[in-house]
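Engineer: Residue numbers (the numbering used here), protein chains in the order written: chain C, 3 to 625; chain Z, 3 to 625.
Don't read these hints as lab results, they were simulated from the structure.
Certain hints may be false.
Identical copies look the same in the list; a pair holds intra-copy or inter-copy alike.
As the list claims (entries may be wrong) - The list that follows gives simulated cross-link-like pairs (lysine-lysine, BS3-like), each with its CA atoms no further than 27 Å apart:
#1 K480 with K277
#2 K323 with K254
#3 K302 with K164
#4 K49 with K555
#5 K160 with K320
#6 K280 with K323
#7 K323 with K160
#8 K160 with K93
#9 K254 with K164
#10 K280 with K49
#11 K323 with K277
There are 2 protein chains.
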Amino acid sequence: MKKEFKVIFKPDNKTVKVERGTTVLDAATSSDIYIDSICGGRGKCGKCKVLIEGRVECDETDLLTDEEKAHGYFLACLARVTGNLKVTIPKESRVESHQILMKSVIAPLPAICPPVSKVQISLTPPSLADYVSDLDRVTHALRNPDMGHVTIGLPTLKNLSKVLRDNQWNVNVTLMDLWDRKEIIDVGPPSDNDLIGIAVDIGTTTIVVELVDLTSGKVIDARSDYNKQVVYGEDVLSRVMYTEEHEDGLQKLTSTIRYGINDLVRELVIENNMKYEKICRAVLSGNTVMMHLFYGLDPKYIRHEPYIPVMTFVPQMKAVKLGLSVNPNAYIYTLPCRSSYVGGDVTADIIASGMSDIKDTSLLIDVGTNGEVVLGNDTFLVSCSCSAGPAFEGGEVEFGVRAMNGAIERVWINNGLTEYSTIGDAKAKGVCGSGLIELIAELFSSNVIDRTGKIQKDENNVRIELGSNGNQFVVAFKEDTAIDKNIVITDVDIQNILRTKAAVYASCSVVLKTFGYQFSDLSNIFIAGSFGNYLDVKKAITIGLLPDLPLDKFKFIGNGALGGARMVLLSQDLQDKAAEVVGNMTHIELSVSSMFFKEFTSALFIPHTELDQFPNVSKRGYV
Amino acid sequence: MKKEFKVIFKPDNKTVKVERGTTVLDAATSSDIYIDSICGGRGKCGKCKVLIEGRVECDETDLLTDEEKAHGYFLACLARVTGNLKVTIPKESRVESHQILMKSVIAPLPAICPPVSKVQISLTPPSLADYVSDLDRVTHALRNPDMGHVTIGLPTLKNLSKVLRDNQWNVNVTLMDLWDRKEIIDVGPPSDNDLIGIAVDIGTTTIVVELVDLTSGKVIDARSDYNKQVVYGEDVLSRVMYTEEHEDGLQKLTSTIRYGINDLVRELVIENNMKYEKICRAVLSGNTVMMHLFYGLDPKYIRHEPYIPVMTFVPQMKAVKLGLSVNPNAYIYTLPCRSSYVGGDVTADIIASGMSDIKDTSLLIDVGTNGEVVLGNDTFLVSCSCSAGPAFEGGEVEFGVRAMNGAIERVWINNGLTEYSTIGDAKAKGVCGSGLIELIAELFSSNVIDRTGKIQKDENNVRIELGSNGNQFVVAFKEDTAIDKNIVITDVDIQNILRTKAAVYASCSVVLKTFGYQFSDLSNIFIAGSFGNYLDVKKAITIGLLPDLPLDKFKFIGNGALGGARMVLLSQDLQDKAAEVVGNMTHIELSVSSMFFKEFTSALFIPHTELDQFPNVSKRGYV
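Please put together the full structure from these sequences, using the hints given.
Structural biologist: See the structure below:
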């Protein structure tokens with residue numbers, strides 16, 4: 003075991019034990035103290051200056067003066083713990099919670115209370131005098147005032163007799179609570195104690211699967227990949243069209259999505275040395291079209307006026323019916339949808355934000371392939387949706403990638419010098435959503451692009467070149483990338499990004515105006531989206547994606563579709579809440595709103611046609 | 003259309019309209035008036051003498067005197083209606099309900115109330131202002147105070163949108179009542195009005211399927227066949243052994259039983275010009291081993307002390323899970339079992355007899371491959387079971403057949419003259435259960451066999467010959483059969499039949515004695531079994547299968563396993579009753595009873611070792 007040391011942070015007086023060699027920056031983060039570090043802890047920005055008493059090892063840096071060094075200042079990202087320390091964080095080095103770089107945080111879980119549970123039972127073996135059936139012996143043992151009616155499915159029943167005898171009548175029973183009854187979904191040896199589930203986000207562009215411990219609530223591991231349905235169409239409508247035009251189209255799209263999930267589950271179980279049968283619960287979220295495709299329901303009528311889905315909610319059913327590689331008896335729950343274009347992903351966002359439990363009014367913005375906006379509080383909810391495009395999810399941008407290892411997630415341009423950091427500090431593979439927001443904001447702030455997003459010719463800038471799609475800006479040179487090519491952003495890419503941000507901003511404006519609200523009336527703005535691990539709110543305001551409001555009003559919930567699914571996975575109460583949320587939510591249809599087109603057109607500029615809506619975005623960027 | 007005439011029966015004053023050419027005997031039977039006709043309406047016994055006023059056509063007969071003919075007497079079986087008639091039935095020609103030949107009659111159905119129903123709905127088509135999902139549109143239309151919670155399965159949901167639009171939003175919805183909710187199991191055109199179900203008896207030897215109209219309660223058609231599992235073993239224990247000794251044994255037995263049912267269903271739907279999907283409910287009965295094999299549950303532990311079944315009841319589940327060729331969403335219910343050897347077939351018998359609603363004490367005897375006996379009334383029930391053998395179901399007897407067309411069902415030997423009648427008046431193919439009872443009784447009464455069942459050599463009797471299994475008696479000569487062989491009964495056959503009847507009678511004796519009852523304490527003796535259409539109680543007493551009690555105490559319920567299944571198919575109340583019956587029934591285990599072997603041995607004689615138990619069976623047959 004590595005040696006551990008104690009680090010005390012001042013003025014917080016928080017103490018943390020860390021292993022030898024941990025950076026002081028990581029030690030701070032692990033105790034929920036946020037030190038400014040815009041370079042992502044790479045020793046390049048010099049923002050994480052701290053005063054250290056005690057023994058550290060530290061690389062050389064020019065970002066501290068000799069005087070600072072003499073006084074005991076270090077860069078927290080370079081200083082490695084080699085003894086017990088006292089660390090004082092100067093005010094200027096501290097990130098207040100409302101400031102700039104937001105890590106995603108979802109609403110706290112009221113309590114861990116999943117509908118699955120394990121009960122250990124010890125049975126008296128049968129005899130000529132006590133000859134009830136094996137099943138009755140088990141259900142009698144389970145019977146108590148809380149348990150109610152107990153049933154069992156055929157596959158579990160088929161194994162029951164053998165498992166009972168193989169384990170000398172001492173077994174662990176996995177029970178699924180189905181409001182009117184409990185179902186025995188698994189019977190295993192007494193050692194089989196852990197309770198595992200998966201939370202799944204079926205995005206139009208990306209699928210994410212999280213392996214979750216249903217006892218502790220901890221995420222054991224997670225995997226994500228592109229939704230391979232993209233080969234049948236980039237957005238939901240083109241995929242619906244594919245099902246209409248090809249006889250086996252629906253079947254193909256359904257198996258693609260199921261295989262996609264199963265591939266990730268396989269990686270997770272192999273990597274975590276687990277059996278599929280261990281996974282005894284799954285909660286999925288996704289937009290309405292994805293839900294139709296997942297279940298194999300014809301989405302045809304969603305595409306045509308009056309845009310009618312087959313269903314908005316499917317009662318939970320067993321994995322075996324849906325071809326999911328988990329315990330075949332596990333019940334699969336998908337978050338309910340509100341309408342054809344406000345799906346279970348939005349329901350999950352609402353759960354993840356907690357906005358339906360807050361008295362003050364909040365706005366929720368989900369920037370996915372479709373953009374969805376929800377306005378409301380604990381007494382009302384109203385939703386709308388727009389076709390935003392997958393620009394922030396790695397689509398429609400030549401070198402766009404999802405938030406994966408090697409994705410450029412942060413970018414800064416200072417005095418003509420372009421720097422970036424990648425997820426996992428890997429060689430760059432492309433730019434993910436958060437990277438694109440920063441990139442556009444930085445290009446704008448440093449005059450590389452104008453207010454319409456056009457790249458300005460500049461022969462002195464080696465990064466600006468002419469490509470097949472007009473001008474382009476080199477973010478990372480070939481020799482620094484993992485893909486053996488320059489990573490560039492083109493004029494066409496930027497127009498796609500601006501259309502996405504304009505659609506999102508316009509949707510917000512229309513919902514607020516329709517219900518007589520102004521941005522300033524809002525107490526919280528929850529932002530959801532698979533941008534990456536962080537969102538730089540100032541830069542998102544700079545490009546006009548988010549409204550220009552006090553920074554402390556913004557809360558980044560990250561992939562809320564996944565976070566909400568995980569919360570529902572862990573709590574039957576939240577599963578009930580999800581149904582309630584959908585039942586109470588009003589929906590407005592932007593496609594028939596004349597206001598929307600006007601708002602959209604105005605929002606295509608950086609930050610916006612009406613600059614007075616963005617007082618804090620001075621001529622060039624938020625200051 | 004054939005011309006109809008009115009027939010008034012005196013002294014009953016019952017009137018019936020029949021088609022020209024109907025026999026007076028059939029006209030009487032159709033109005034529930036039973037005229038004696040031991041030859042089965044073939045003009046041979048002369049018992050059905052009636053006085054007719056009006057116009058009939060009639061074949062010549064020597065069985066009436068000239069004086070009788072002059073007075074207007076006819077044989078009811080030969081007289082065909084050709085005008086309006088008044089028919090007076092003399093007392094001597096009448097069959098009182100307690101007399102001799104009993105047609106099977108089961109308890110009356112309290113009310114037709116199956117758990118499936120059809121509701122016709124007319125929906126307002128969706129619009130931009132009314133954009134709820136197709137499913138919600140349907141469930142909202144169904145919602146009323148009685149309806150409760152409504153759900154739908156995935157296969158039905160997959161068709162919903164198309165069916166709604168194809169039928170201009172006017173559809174017929176089939177609903178299944180699942181106590182806590184109703185499930186939409188089918189949606190069809192508004193013309194699709196009828197509600198069809200099947201009742202299935204999975205016997206060890208025979209499978210019977212009835213197609214039933216769930217609105218009228220009428221049996222539309224029925225088919226039966228041998229249970230093809232016999233190739234894996236004649237009785238249940240040998241089949242269980244087969245599953246133990248062959249890796250794929252269980253799977254084979256399960257598919258054999260399912261295919262067997264599906265074959266009969268296919269015949270029924272083709273013959274009745276119907277689609278499989280029309281069949282939206284199925285109720286099955288069978289013994290505990292058959293139920294295990296049907297569900298694919300390992301029956302191994304049933305065979306070994308302490309004889310534990312995996313289950314005694316499986317919650318109803320969808321046809322698609324069980325591979326039945328009916329509507330895949332139809333819920334399949336199997337009657338609950340009491341123990342390893344008192345199965346759902348006995349539960350069905352009890353329902354069919356109605357004995358659990360009768361204040362006075364009854365005895366129920368089911369003569370199947372296993373014999374089961376139930377003693378009880380509306381306050382208690384006790385059951386036991388014995389291995390009877392399939393002698394009365396066409397097994398273990400060389401020319402034994404199930405009750406099918408061409409089966410010899412009645413036999414009489416008078417003055418050395420042997421006559422018989424077959425089901426459907428077809429050429430003889432073999433002897434069914436009722437025929438065997440009559441055959442043994444007649445052979446005994448006419449001294450062809452002695453009290454031990456041995457055929458007596460008699461050179462004057464051309465029907466007695468020496469075969470490979472000892473002596474044998476020719477029932478039907480080759481030229482009169484459909485199988486181009488003499489139909490014979492051998493010494494070995496008779497011993498098998500006697501073992502069966504002895505096991506049944508001994509079981510009755512043991513149950514009664516164990517609970518301090520005597521045969522004379524009983525108010526009803528219900529007899530179940532697939533003997534044939536009729537049971538001649540006198541002859542069953544003659545051979546000692548049934549106790550020697552006043553004839554009016556006997557009620558023949560025929561195939562009660564099927565009759566009970568049909569009643570439960572038609573009534574949710576009786577489905578609930580079945581669970582209650584099983585819950586309240588005590589079980590005694592004969593295999594550990596020392597009394598049983600003694601009783602069995604005494605009962606191997608005709609009628610019994612202790613002749614004083616059979617006062618009405620004089621030296622040779624009941625008189």
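Engineer: If a hint holds in the structure, say so; if it does not, say that too.
Structural biologist: Hints, one by one, checked against the model:
1. K480 with K277: neither (42 Å within a copy, 66 Å between copies)
2. K323 with K254: Both. Shortest intra-copy (17 Å) and inter-copy (24 Å) distances satisfy the 27 Å Cα cut-off.
3. K302 with K164: between (47 Å within a copy, 10 Å between copies)
4. K49 with K555: within (24 Å within a copy, 102 Å between copies)
5. K160 with K320: For K160 and K320, the Cα distance is within 27 Å both inside one copy (16 Å) and across copies (17 Å).
6. K280 with K323: Both ways: K280 and K323 sit 18 Å apart in one copy and 23 Å across, limit 27 Å.
7. K323 with K160: both (18 Å within a copy, 13 Å between copies)
8. K160 with K93: neither (65 Å within a copy, 61 Å between copies)
9. K254 with K164: The answer is between: 20 Å across copies meets 27 Å, while 39 Å in one copy does not.
10. K280 with K49: Result: close neither inside a copy nor across copies, 46 Å intra and 75 Å inter.
11. K323 with K277: both (19 Å within a copy, 25 Å between copies)
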